Structures are given as structure tokens and as C-alpha cells.
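Trainee: So you can see what is in the structure, the chains are spelled out below.
Protein chains: 2
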Amino acid sequence: MQEVSKWGVWEISVQGPKEGNPFAEQWVRLNVCGQNECREVDGFYDGNGAYIARFMPSFEGEYRYTLSASFLQEPLSGSFRAGAPEQGNHGPVRVQNTWALVYEDGTPYHSIGTTCYVWHLQSDELIEKTFDTLSRSAFNKIRFCVFPKHYVYNLHEPRSYPYEGTPMDSSVLTKENFNAYRGMAEGNCWDFHAFNPEHFRHLENCVKRLGNMGIEADIILFHPYDRWGFSQMTEEEDLFYIRYIVARLGAYHNVWWSLANEYDLMQKDDKRWLDIANVLCERDVYTHMRSIHNCRNIYDFTRPWCTHCSIQRTDTYSTVENTDAWRVRYKKPVVLDEIAYEGDIQYGWGNITGEEMLRRFWETALRGGYPGHGETMTGYDDILWWSHGGELHGESHKRFWFLKRVMELCPGNGLKPSENRRSDEVRAEPLESRYKGRFILCYYSFMRPYFRDFYIDDSTVYDAYVLDTWNCTCTKAGTYCGKFVVALPKKQYMAVLLIAR
Amino acid sequence: MQEVSKWGVWEISVQGPKEGNPFAEQWVRLNVCGQNECREVDGFYDGNGAYIARFMPSFEGEYRYTLSASFLQEPLSGSFRAGAPEQGNHGPVRVQNTWALVYEDGTPYHSIGTTCYVWHLQSDELIEKTFDTLSRSAFNKIRFCVFPKHYVYNLHEPRSYPYEGTPMDSSVLTKENFNAYRGMAEGNCWDFHAFNPEHFRHLENCVKRLGNMGIEADIILFHPYDRWGFSQMTEEEDLFYIRYIVARLGAYHNVWWSLANEYDLMQKDDKRWLDIANVLCERDVYTHMRSIHNCRNIYDFTRPWCTHCSIQRTDTYSTVENTDAWRVRYKKPVVLDEIAYEGDIQYGWGNITGEEMLRRFWETALRGGYPGHGETMTGYDDILWWSHGGELHGESHKRFWFLKRVMELCPGNGLKPSENRRSDEVRAEPLESRYKGRFILCYYSFMRPYFRDFYIDDSTVYDAYVLDTWNCTCTKAGTYCGKFVVALPKKQYMAVLLIAR
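As you go down the protein sequences, you meet chains A and B in turn. With the numbering used here, letter number 288 in the first sequence gets 288, and the count goes up by one each step, no holes. With the numbering used here, letter number 151 in the second sequence gets 151, and the count goes up by one each step, no holes.
It is possible that some hints are incorrect.
[Stated by the list, open to error] Derived DSS-like pairs: lysine-lysine, alpha-carbon spacing no greater than 25 Å straight-line:
no. : chain 1 : residue 1 : chain 2 : residue 2
1   : A       : K491      : B       : K490
2   : B       : K175      : A       : K483
3   : A       : K175      : B       : K490
4   : A       : K491      : B       : K491
5   : B       : K491      : A       : K490
6   : B       : K491      : A       : K398
7   : A       : K175      : B       : K491
8   : A       : K436      : A       : K404
9   : A       : K491      : B       : K175
10  : A       : K6        : A       : K208
11  : B       : K398      : A       : K490
12  : A       : K129      : A       : K398
13  : B       : K476      : B       : K491
14  : A       : K175      : B       : K483
15  : B       : K490      : A       : K398
16  : B       : K175      : A       : K490
17  : A       : K491      : B       : K398
18  : B       : K129      : B       : K398
19  : A       : K404      : A       : K491
Hints in this document: simulated from the structure, not taken from any laboratory. Here the structure is a predicted model, which is why all the values come from computation and not from measurement.
Let the hints inform the model, and build the full structure from the sequences given.
Mentor: Below, the structure is given as C-alpha cells:
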């Protein structure tokens, strides 16, 4: 019997017609039944007469399947066995409550994200560099697009296109004139009913390799930075694309769906987004994480289709400090997917310091949210992590492991702001009330106190540690009970961690 | 004929009764008439049988006076002449419009403030150090209290008390217990109808010396940090005090009245503050600047008695970025009298970096407000500029001259935010529309752009300068017209200044 691992991908492939437009004219459907679940998923055409259907088992045990297709007289059927998950595969990320994200196996998911919009559409060499950088990083989520990106620093051709056809001549583009080429620019010729399987196969390989590295792939389905017309398809074409990509990618445990990057810069109205979300909800039987990312106007994440908030900061100054307010407003976990980029480009969203990026990470995490990084450093042949991946040249990313380690130390599934916090600190405690007072983390942000006084209660004995979040050091300050004082070194970015004995 | 200078202090003294309580039982009134003004002001008892009345002429020319008093059978009368103002005396600061402050002679007043709550109640040696520090600084306004201060780092006895009587024994105070001694603490014995003239004479001398140095004295009439009961007097006692201090200090051109420091921490209700403001408005014939300073709740500065907003930041994170919003809300000039302190004490309001303080100064100024400094550095025998004056140990104060110089370079009376600003900059232009486009100042705050592009119009020729606000350097970038780009050094705290040829 065929074997697959729980949360792995079981795949079946059949040959069928190549004539006409197989994407539009043929269909494949896979029915899978095990002891604990029955699922029906779409298959897809992979080119060259090959039709594929995929399934991710959420349970161990025996499954029976039936494959039907427009071109099959009789369905194909058979069975396979789902064994124990592979080492490191904890299943898809799920929303545990209004604060926390956890893997399906119950392991806490402390999200440390980054953004590389089209890293996978670069050269093989650059893609390998990105994988290498990621493998040595603390990141466990990466946001990227299906469609190529047209924007300043992003004027070259991608390695492949999602559709059959030909692009406009990009040799006419300059830094000065690129903005004149928008959406369906002249010279493009695409068949929006004929996908380029090579483009998607490559995307899948990237998603798969990320999964093996323990990294969630936050896939951006639409975005406005376009010169080819992929942002201006009809509703029918949009939904045709959504069904195809869900059929191809839905079985990968580490997929998240981001309906859009900067949805409010696109020419789709509210109803269109809801229609897209509805098809996504309907077709994605695994209920992967789903959200949508804003430019100026934060989406209304109270809408049922959203599993979580995916927020880009809307103010140059006040940003992650709103994490608490957003969670209260939307009552869903808050993922801050863009809090500006460490870098030095000309735009205010892309030129903060490493210190400020790290500060935003700690503020976000201690307020019960999940931070996302990005980098836009110039001086490296216009290869910017933000879009192209490659190497990191900033300072903040080297320090995220320390935050992640502290989050992992926290008992339960994560942190939330403490009720006892003062106005000049961020104080976090474990989400679960049973750990109340057992783990208390106080962060002083850009402030430089030379000491802080504490009084939790009269009886609990605490080991107090001074954390230097920039230098990633943890120094034992002492063991205390009742009222006590912890000396600090008059530096920015310090924290005090109290662990009850 | 006696001579005085315009905006100087003309003073007349008479001997009268010492018996009983001269403060409460006697009165002195001075009538002054010149060609352009007639004023009636209160005199005051200065101890030892001496009664004094003071007048500040707002015009040059001959004045006639009449002094009446409860103990004089016949009024005294005579005349004096007001000559040209002394060098550097531009008259009181006035509100020119909803943005700008100007001296009465029309000179722009670019306020660069600081706070030293009770610097004048320290030792002679420390007071001289403060004068010396101020004389070498860019400050042209200082906030300080009439009453002594009781607070952490402020537990010792002041050099004098405002009333006759005896204080509680301060030897019982410790850092830990001081908060238990509040308001009218046990052991105090004061006569709130008998002022200590020595206390006020010393205060006047300080105000006068500040005036000679071109520094406005922003006098805080009430504050909550008290162990003697000066914060808990009756309404009658409050108003008795107000009349006395206006009689003594009103004639000094550089006086501002701050009804309170952190009014909302005091046990006075809204009506009490209005009553105090009314007496102040009635008695202060010179209409000095008047405002009130908050802790948690910003006062409603739309009230007619307030000449301007005096604001302490109410949020640890978002502060001076609200300057524009406050001006729009209150329609009066915005003076940010506390935007946290450069220092390293235990409280979040007192431990920001010099860089952050300077950033807040530039943000405030370019948003059309007036910033205020403070310093709380430990390690100098608990002498903190914030309360005690003395020497400055921080980094920000060394750089304020550069901001002041740029403000002085601006044609007209000051800066306001430009309508053409982008979200990732603060852009300021002259207040007066006749200078529109002649002087454009763009500040990049904590951001680090490696260049910025500009397009003002097609015809104006600009000299562009790159300002390093931290290192206080101004470098000519070039002369441009139309669309142009200014290169920047990938550093924080940079600005670009465009001056039309």
C-alpha cells in the first residue's frame, strides 16, 4: 500500500487529453475517505497531458480514494496509508483563540515573519542564497507573491510567468518612467485561461522546501504592482486562478493565503474580495490561514472569512504600539506583516534602523501579536531582501532568535499584555490564566532606566533576569520575593524577566 | 525726572505700618497714566514696613502716577519718563496668531524651553551654576515653581519658604516613605496670610536676571508635589497668593504664568482653576502669557483665559507627532512643555536618549509648535537639571542652537507644516503665505533615506542644503530647478533645506 505521512502530500497523477484548453475544458476531482475525515478536492492540469490531484491527511491510518475526471469513463480508486508525521512537521498553523496561533499538533507557533515578494522568481543562484539565508535565520514565515512584481528596483523580467503568452518589452522601463506602465500595459498578450505549469511547479517546490525547513509560506494571491495585467483580470478570471492555485497548493501543510498585498490599492471592490474569499473558503478543505494586507485602510478583520489580522502599519510614527488595540477591535490574532523595513532606500517605509526594527519586534510580541521583518538595504547591486531575497545585510535579523527563545520559554502558547503593566513599560504574561504570575516579561523599549522596582505579591519567589535584547544576553540579577529592585545598565532595549520558582 | 526704560520696571516704595498683618490688613494701589496707556496695579507689602508698587511701561514718553494706600491720608503723585528699551529687551512675548509667538516689538520668538522646577531654591553656588549653564545655552524660556517641591530626588529643605511658619521635620523622609507625606503633612505650621518677602525677593531677582539674559520665566503658580500644604490651601488663600504674586512679579516683561504643573493631579476642581484664572486675568494688566500644564488630561485650551497650549505628552510613544492635531483642536500656539526628559532615571518620562530628545525638538518645531527640554541624568550626586538646575550632562542641549539658527533663518515669524508634505517626512514652510515656496525645510526624523526627490515647481531656483541635525552641519548640495534629487548619507536625523534664490 502507498505510504504518506500525516500532514504530508499524497499525490495521484493520470494522463488525459492535451487538446483544446485542458485547464478550462477538463476537470479532475479526488474523493478521499479515512476513519476520521472524508474530503473532496480538485485536481489540476499540469501540462503535457498530465493531470494531478493532491491530498493532505490530517490523521494517521488507512484512506480510500476515488479519482473522477471529465475524461475518465470510470473513476480510479484505491487506498493509501498515512503514517506518523515527518520530524518537524507539526501540521498547519491554526488559530487557537483570539490571541494565539498553534500548530495543529498543539505545539505553540511563535511567528517570526519576513517578506521577500518575488524571491522565487529570481535566478537559481539567488534562490539558493535565499534558502541558505533562511536556513540560518529565526524566520518561520515568509510572505511572497504568485505573480511577478513591477515596481522601483523591480523592473527586470521574472524567471517565468503564470500564464501562457508574452510580456511587454521591458527594455523601455526606467526608474523615472516605470510608473506610467501599470496594470494591463500595452504590448502584453496573455491567455488568462491557460496557466504556465512550469511557473506553478517551481512555486510548489519552493513551498515544499520551506515546509521542510519549518517555514510557513504566506502566499500573496493578488497585488497591485503590475505591468502585465494580472491585477486587472475579470472576476471570472480571478476565480479561475484561485481554483487552480488551491488545487495545486492546498495540500501543503505550510500554506497561508493572503488575498492581497495592499488590497486597497487595487481596482477590486469589496464584493470582489468577498467573492474571492468565498471561493477560497469553499475550495480549501484544509482551512489554511486566510487574511488580506492593507496599504492605507486596514481591512475589517471581523469578517468571518479572515482567520487573523494581517496588518501593515498605516502611520509613520505610531505602529506596533497599536497591537493591543487591533486585537481588541478585531478579536483575532494580530500578525503585523509590515512594520517598515530596515534599510536606507528613499521611502519612509523602507529606511528604519535595525534597532528600531528590533524594538518593533519586541513591542509586538509582548503585546500579544506576531511581528514581521523586511529589509531594504542599498549598496548590493540593487538586490534587496524585500523583493529579491538573497543575503541579509541588516542588524535586526541577527537578534530575532533571542526573542523567539524567550517566547519559547514562556509556558503555554504565548504572551499577552499584563493587566498590571505600567504606562512606561510593556509587561507581558502567559496567555493562559493558570500560568498567571509564573512568567513576567517587562520591556523598556527606547527608555533607559537605571533601575526598576517590582512588587508582584508577598509570597512568590522570583528569579530575575536582565535581558539585553540588542546584545542578546541574559544575566541573572538575583532571587527575590515581595518588593524588590532590579538594577539596569542605563541602555535602550532592555527587559527584565521574572520566573517564579 | 525719574527715568525708566520701556518694558523695564519702574518702582515706588513707601513706609507704612508694620503692626498686625500688613499683607491682609493694608493695601496699596498705583495709578499710572501716559499718553498711550492708563493702568491701575496693586502694590504689595515687602516686610519691615516697606510697601512697594511696580509698573512696566509699554510705551516711551512721560507718565504721571498716583499712589494710594490704606495708610496714606493723601495719595502720593509724581511723574517719570520711559525711554528706549534696553538692548535685548523686546518686550513681553505675545500670541501673534493661532501659530506664532512674537515679542511685543515684532521680533519673532522662537521658543526653546527647558524645565528646572526649583533651581532657584538651591544653594547660591548651584544657582550661579544654573545661570552660567543657561548663559551658554540656546534656551530662551525656563519653567519653574514658586513653591518648593517634594518628590523623589527632592526631599531636602528649600532655601526659603513662601510663608511665615515652620515646616515638618524632613529628616524622617526616605526614598521609600516620601509618598506617604503629601499635602498638609503633620508637623507643618504656616500662616497662609503672611508671606515671606525674602522668598519672593529672591524669586524676583532670579526673574530679573533671566530677563536680562533674554530668557522668559514661565512661573508655575501651583503644583501637586507638596508636603507642606501649599497645594491644599483654601480658595480664599489661593486667590490671596495670586494677588500678591501678580503685584510683585507682573511688571517683569519676561513673566509667563503657568497656573499649574500637572493641574489634574491636584485637588482643585474646574471652577477653582477658572476662579484663579479670572483673578489672574483681572490683576495682570500686562496680559502676560497664561496657560496650565497637564499630567494625564490635557486642559481645554479653547477657554478664553488661556493664551496658548502648554502640553505634557500623555502617551509614552506618540508625543510631539500630535503637535499639528493639537493646534487644530485648540487653535492656539502649541508649546510642548514636557516631551519627556533626556536621562536614565527609573521612570519612563525621565530616561530617553539625547537623540530622541533632539528628534522631538525638530518634529515639534517643523509642525509649528515650540519644544521644551528637560534632563534627568543620574550619577552627579542626585543633582538633576529637571529640578535643581546646575550643569547639563546630556547630549541634546548642545544641539538646540542649530535648530534655533534654522528657525531664525526662516523668513517671517516661524514655521508651519507644509500642505505638500508627504507621509514619510515633516515638511515646513514659513507661516506667512507671502513667503510660500521661498523656504522649505524637510526633516526625516528616525528614517535614513539615501536620497529624496523634489519637485516644487518649474521655475523657482533653489539652493539645497543637507542638514545633519545631530552633528549640526549644513552642507550645500547644489542649485536646482524643476525636478531634482538630493543625496543623503543614510543616517538618522537628517533634513533638507531649500532656499529660493
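Trainee: Check the structure against each numbered hint from earlier and tell me which ones fail, lowest number first.
Mentor: none
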